[in-house]
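Number of protein chains: 2
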Amino acid sequence: MAASASSLLAAAASSSCAAISPRIPRGAPAAASVPSPSHHSCPSLRASPARRHQSRFVASVAPTMQPPAESRVSTVVDVDLGDRSYPIYIGAGLLDEPDLLQRHVHGKRVLVVTNTTVAPLYLEKVTWALTHNNRNVSVESVILPDGEKYKDMDTLMKVFDKAVESRLDRRCTFVALGGGVIGDMCGFAAAAFLRGVNFIQIPTTLMAQVDSSVGGKTGINHPLGKNLIGAFYQPQCVLIDTDTLNTLPDRELASGIAEVVKYGLIRDAPFFEWQEKNMSALLAREPSALAYAIKRSCENKAEVVAQDEKESGLRATLNLGHTFGHAIETGLGYGAWFHGEAIAAGTVMAADMSHRLGWIDESIKKRVVDILEEAKLPITPPETMTVEKFKSIIALRFYWGIRQEST
Amino acid sequence: MAASASSLLAAAASSSCAAISPRIPRGAPAAASVPSPSHHSCPSLRASPARRHQSRFVASVAPTMQPPAESRVSTVVDVDLGDRSYPIYIGAGLLDEPDLLQRHVHGKRVLVVTNTTVAPLYLEKVTWALTHNNRNVSVESVILPDGEKYKDMDTLMKVFDKAVESRLDRRCTFVALGGGVIGDMCGFAAAAFLRGVNFIQIPTTLMAQVDSSVGGKTGINHPLGKNLIGAFYQPQCVLIDTDTLNTLPDRELASGIAEVVKYGLIRDAPFFEWQEKNMSALLAREPSALAYAIKRSCENKAEVVAQDEKESGLRATLNLGHTFGHAIETGLGYGAWFHGEAIAAGTVMAADMSHRLGWIDESIKKRVVDILEEAKLPITPPETMTVEKFKSIIALRFYWGIRQEST
Chain R
1 MAASASSLLA AAASSSCAAI SPRIPRGAPA AASVPSPSHH SCPSLRASPA
51 RRHQSRFVAS VAPTMQPPAE SRVSTVVDVD LGDRSYPIYI GAGLLDEPDL
101 LQRHVHGKRV LVVTNTTVAP LYLEKVTWAL THNNRNVSVE SVILPDGEKY
151 KDMDTLMKVF DKAVESRLDR RCTFVALGGG VIGDMCGFAA AAFLRGVNFI
201 QIPTTLMAQV DSSVGGKTGI NHPLGKNLIG AFYQPQCVLI DTDTLNTLPD
251 RELASGIAEV VKYGLIRDAP FFEWQEKNMS ALLAREPSAL AYAIKRSCEN
301 KAEVVAQDEK ESGLRATLNL GHTFGHAIET GLGYGAWFHG EAIAAGTVMA
351 ADMSHRLGWI DESIKKRVVD ILEEAKLPIT PPETMTVEKF KSIIALRFYW
401 GIRQEST
Chain L
1 MAASASSLLA AAASSSCAAI SPRIPRGAPA AASVPSPSHH SCPSLRASPA
51 RRHQSRFVAS VAPTMQPPAE SRVSTVVDVD LGDRSYPIYI GAGLLDEPDL
101 LQRHVHGKRV LVVTNTTVAP LYLEKVTWAL THNNRNVSVE SVILPDGEKY
151 KDMDTLMKVF DKAVESRLDR RCTFVALGGG VIGDMCGFAA AAFLRGVNFI
201 QIPTTLMAQV DSSVGGKTGI NHPLGKNLIG AFYQPQCVLI DTDTLNTLPD
251 RELASGIAEV VKYGLIRDAP FFEWQEKNMS ALLAREPSAL AYAIKRSCEN
301 KAEVVAQDEK ESGLRATLNL GHTFGHAIET GLGYGAWFHG EAIAAGTVMA
351 ADMSHRLGWI DESIKKRVVD ILEEAKLPIT PPETMTVEKF KSIIALRFYW
401 GIRQEST
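So the sequences go chain by chain: R and L.
With this note's numbering applied, the first sequence corresponds to residues 1 to 407, in that order.
With this note's numbering applied, the second sequence corresponds to residues 1 to 407, in that order.
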C-alpha cells in the first residue's frame with residue numbers, strides 16, 4: 001500500500017519544515033506577467049498590493065559589483081553575509097562575457113571541477129571565458145563521473161589529487177561547473193584544500209541555479225547518509241548563464257521547478273501566483289520567464305540564508321517537502337527519482353498533512369497539486385513507498401537530528 | 001656531504017620564516033626563575049626591564065571562564081578571536097576536575113578521538129571526567145592507530161564512520177585526546193561532520209600543548225604533502241593537564257621543547273633567558289617549570305594567532321626553523337625524526353644563515369646552539385640530507401607556496 005500523508009502525521013508532526021502554513025492569499029488578484037529581462041525586478045509585481053505586502057522579503061539588488069553597461073546580465077542578486085557577501089549574476093549568454101568571470105578569479109591558477117556530462121558541453125567555453133585576453137591565467141580541469149552516487153570521499157580525493165599534482169597554491173581559484181553534486185563537491189574541496197581557497201559556482205542545471213549553488217552548503221555523502229560531511233563555505237560569485245538550460249533534459253528542468261514552486265509556497269505568494277500564470281512559459285524555456293523565476297528564487301533563498309546562514313531556525317523553512325522527499329529518495333535509492341521529483345511528491349504530502357491538520361483549506365492544497373502536475377512532476381509517492389517504509393526512514397532521520405540536511 | 005646553512009642561502013633567502021632577526025638582547029640581566037604555579041604570570045619576569053619592554057606581547061589572562069576557587073588550574077590563557085574565542089586551561093591534575101571539562105561540553109553526546117598509545121593511559125580518566133555526576137552525557141570513543149603515517153583520509157573516515165554509526169547529531173562534542181596528529185584529525189573531523197560540531201582539545205604531548213592544539217589549524221596529509229587538506233577550526237577550549245607529561249618518553253618531551261625555544265627566539269627574549277636558566281628543571285619535568293613554559297608558549301602563540309588567524313603574514317613567524325626542518329622530515333620520511341628534532345636542527349641552520357647574512361652576531365648563534373644541545377636535541381641535520389636534497393625539497397615547497405604549513 002502506498003502511504004498517504006495522514007498515515008504519517010505521528011511520524012512527522014514535529015517537523016517544522018514538513019507542512020505549509022496558510023500564507024497563500026486566496027483569490028488574490030492576478031499580479032504577474034513574464035517580466036522584461038531588462039529590469040532588475042518585476043514592476044508589475046511591485047505594483048500589486050500583494051507584492052507590497054511581501055516587500056520586506058525583497059533582496060537588495062547589489063549596489064556594487066554591477067556588470068558593465070554592455071553586459072547581458074539581467075539581474076544581480078546580492079547575498080548579504082558581511083565580509084563573505086557575494087553576487088549572483090543571472091542572464092542569457094553570461095559565459096560569452098569573459099570580464100564577468102575574470103573579475104572574480106583570484107590568483108593565476110584555476111581548477112575547473114566538472115563531470116563527464118557537462119565537460120563536453122561547456123568546459124571549452126568556460127576555459128575560453130577564463131583565459132580570453134588574459135594570458136596570465138592557466139586553467140586545469142578535473143572531470144568526475146556524473147551522478148549522486150559519486151558524491152563520496154573517493155571521488156572528492158580526485159579533486160585534491162589534481163590540485164596537489166598541479167601544485168596549486170593558496171591563491172588559486174576552484175570553479176564548479178555542473179549541477180548540484182559538482183557544486184557541493186567542488187565547494188567542499190575548495191573549503192578544505194590548503195584549509196580554504198577561493199571558488200566560483202557556475203551551475204548548469206535549474207536545480208543548482210535556484211537552490212544548491214546559493215547559500216554555502218557544501219559537502220559529500222557518507223555511505224549511511226546524505227551530506228553528512230562538509231562545510232559552510234561561500235563562493236566568490238555565482239554565475240548563472242540561463243543559456244546552459246537549453247541542453248538540460250525536460251525531466252531535470254521539471255525537477256528544478258519543484259524548488260521554484262517551494263519558494264512561492266513558503267514565503268512569496270505573488271511569486272506563486274506568477275508561477276501559476278507562467279508555468280507553460282517556464283516549461284517552454286522562455287528565457288525571460290526562466291530568468292525571472294531564477295531571480296526570485298535566488299532572492300528568496302538569499303534572504304533566508306542572510307538571516308540564518310548556519311540553519312539555526314529560519315533556514316529550515318527551505319525544507320518544505322523535504323522530510324517526505326528525502327524519505328522517498330532514501331527508500332528508492334539515490335538516482336531513481338530526481339531530487340525535485342521526490343520533493344514535488346513530498347510537497348503534496350506536506351500540503352495534504354497541513355490540510356488534515358486544519359492549517360490550510362482544500363483550495364490551497366488543490367493549487368499545490370495543480371501547479372506541480374502542470375510542471376509534469378509526480379504528485380504521489382512511488383507505490384513501493386509503504387507507510388512502514390516512510391515511518392522507519394523518517395524516524396531514523398529524526399533520531400539523527402539531520403532531517404534538515406541537503407537544502 | 002651534510003649541508004651547511006650557507007650552502008642553502010640561495011634556496012632559502014626569500015623565506016621570511018627561515019632566519020632570526022636580532023631580537024635577543026645581549027647581556028641582558030638574568031630575569032627569571034621557576035615561577036610559583038599559584039601565580040597567573042611570573043612576577044620576577046614582569047619586574048625586569050626587558051620584560052616591560054615585551055609587555056605589549058603578553059596575552060590577556062581571561063577575565064571570564066575562570067576555574068572555580070578550589071581548582072588546581074594554575075593559568076587560563078585566553079585566545080582572542082571574537083566570537084570564536086576560547087580558554088586554554090593549564091595545570092596539574094586538571095583531568096581530576098570534571099567540572100572544568102563538562103562546562104564546555106555541548107549537548108549530551110561526546111565522541112573521544114584518541115589512539116592506541118594514549119587510550120590505555122587516559123581514555124578511562126577522560127570518560128570519567130566527562131560523565132562524573134553527569135548521567136546525561138554518553139561517551140563514545142574511536143581509537144586510531146598511532147603515528148603521522150595514519151594522518152590520512154582513510155583514518156579520518158574511521159572518525160566519520162563512528163560518528164555516523166553512533167547517530168551523533170549537530171549538538172554533539174568531539175574530544176581530541178592525544179598528540180598533534182590526533183588533535184589535527186579530530187579537529188578537521190569536527191569541522192566537517194554535519195558541517196561543523198563542537199570540539200575540545202586535550203593535548204597529551206608537550207608538542208601538542210605548546211603548539212598544535214592552539215590556533216585552530218586542523219587537517220590531514222595528502223600522499224604528496226603534509227596538511228594539504230583541512231580547515232581553520234577553533235575548539236571550545238584546550239585543557240592541558242601537565243600530569244599527562246609524566247608518561248611522555250624523554251625524546252618526545254625534548255621534541256616539544258624545540259617549539260618552546262622557538263617562541264623565545266621569535267618574540268620573547270625574557271622567556272628565552274628564562275629557558276636558559278631553567279632547562280634542567282624542564283628536562284627534570286618539574287611541574288611548575290613545565291606549567292610556566294607551556295603558559296608562556298601558549299600566550300605567545302595565542303597573541304600571534306589573534307593578530308593573524310589565517311596566516312596572511314605574522315603567523316608565518318611561528319615557522320622559524322620549519323623551512324629546513326620540514327625538509328629534513330620530508331627527506332628522512334615521516335617518523336624517522338620527531339617534528340621537534342627536525343625543527344631544532346632547522347633552527348640551528350636558520351641561526352647559522354642569519355649569522356652569515358649579518359643579521360645576528362656569533363654570540364646569539366651560540367646561545368641557540370647551546371640551549372638546543374642542553375635539551376638533547378639535534379643541532380645538525382642528518383648526514384643523509386645533502387645540499388642537493390635540501391635544495392630540491394625546499395624548492396618544491398616554495399613552488400607550492402605552502403612552506404608555511406603545519407605549524
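If you are wondering where the hints come from, they were derived from the structure by calculation, not from laboratory data.
Hints should not be assumed to be uniformly reliable.
Which copy is meant is left open, because identical chains are indistinguishable; a pair holds if it fits in one copy or across any two.
Claimed, not checked - Derived DSSO-like pairs (lysine-lysine); straight-line CA-CA distance at most 27 angstroms:
1. Lys-226 <-> Lys-162
2. Lys-158 <-> Lys-277
3. Lys-162 <-> Lys-277
4. Lys-310 <-> Lys-226
5. Lys-366 <-> Lys-162
6. Lys-310 <-> Lys-108
7. Lys-389 <-> Lys-310
8. Lys-162 <-> Lys-310
9. Lys-376 <-> Lys-310
10. Lys-162 <-> Lys-149
11. Lys-389 <-> Lys-226
12. Lys-158 <-> Lys-365
13. Lys-158 <-> Lys-391
14. Lys-226 <-> Lys-158
15. Lys-149 <-> Lys-365
16. Lys-391 <-> Lys-125
17. Lys-226 <-> Lys-277
18. Lys-125 <-> Lys-366
19. Lys-391 <-> Lys-277
20. Lys-366 <-> Lys-108
Evaluated hints:
1. Both within a single protomer and between protomers do Lys-226 and Lys-162 lie at most 27 angstroms apart by alpha-carbon distance, with minima of 25 angstroms and 16 angstroms respectively.
2. Taking identical chains as interchangeable, the C-alpha atoms of Lys-158 and Lys-277 are never at most 27 angstroms apart, the minima being 45 angstroms within one chain and 52 angstroms between chains.
3. Proximity of Lys-162 and Lys-277 under a CA criterion of 27 angstroms is satisfied in neither setting, with 47 angstroms inside one chain copy and 50 angstroms between copies.
4. Taking CA atoms no more than 27 angstroms apart as the test, Lys-310 paired with Lys-226 passes inside one copy only; the shortest distance there is 17 angstroms, against 30 angstroms between copies.
5. In this assembly of identical chains, Lys-366 and Lys-162 lie within 27 angstroms of each other by CA distance neither inside one copy nor across copies; the values are 50 angstroms within and 45 angstroms between.
6. For the homomeric pair Lys-310 and Lys-108, the shortest alpha-carbon distance between copies (21 angstroms) is at most 27 angstroms, but the shortest distance inside one copy (31 angstroms) is not.
7. When the C-alpha separation of Lys-389 and Lys-310 is checked against a cutoff of 27 angstroms, the pair qualifies neither within a copy, at 30 angstroms, nor between copies, at 47 angstroms.
8. Only between protomers do Lys-162 and Lys-310 lie at most 27 angstroms apart by alpha-carbon distance; the minimum there is 24 angstroms, versus 30 angstroms within a single protomer.
9. Neither within a single protomer nor between protomers do Lys-376 and Lys-310 lie at most 27 angstroms apart by alpha-carbon distance, with minima of 33 angstroms and 49 angstroms respectively.
10. Taking the closest pair of Cα atoms, Lys-162 and Lys-149 come within 27 angstroms of each other both inside a single copy (20 angstroms) and across two copies (21 angstroms).
11. For the homomeric pair Lys-389 and Lys-226, the shortest alpha-carbon distance inside one copy (18 angstroms) is at most 27 angstroms, but the shortest distance between copies (45 angstroms) is not.
12. In this assembly of identical chains, the alpha carbons of Lys-158 and Lys-365 never lie at most 27 angstroms apart, being 46 angstroms within a copy and 46 angstroms across copies at closest.
13. Neither within a single protomer nor between protomers do Lys-158 and Lys-391 lie at most 27 angstroms apart by alpha-carbon distance, with minima of 37 angstroms and 29 angstroms respectively.
14. Proximity of Lys-226 and Lys-158 under a CA criterion of 27 angstroms is satisfied in both settings, with 20 angstroms inside one chain copy and 17 angstroms between copies.
15. In this assembly of identical chains, the alpha carbons of Lys-149 and Lys-365 never lie at most 27 angstroms apart, being 34 angstroms within a copy and 58 angstroms across copies at closest.
16. For the homomeric pair Lys-391 and Lys-125, neither the shortest alpha-carbon distance inside one copy (47 angstroms) nor that between copies (40 angstroms) is at most 27 angstroms.
17. With identical chains, the CA atoms of Lys-226 and Lys-277 are never at most 27 angstroms apart, being 35 angstroms at best within one copy and 57 angstroms at best between copies.
18. With identical chains, the CA atoms of Lys-125 and Lys-366 are never at most 27 angstroms apart, being 44 angstroms at best within one copy and 61 angstroms at best between copies.
19. Taking CA atoms no more than 27 angstroms apart as the test, Lys-391 paired with Lys-277 passes in neither setting, with 36 angstroms inside one copy and 69 angstroms between copies.
20. For a Cα distance limit of 27 angstroms, the shortest separation of Lys-366 from Lys-108 qualifies neither inside one copy, at 54 angstroms, nor across copies, at 43 angstroms.
Checked against the numbered hints given earlier, this structure breaks hints 2, 3, 5, 7, 9, 12, 13, 15, 16, 17, 18, 19 and 20; the rest are met.
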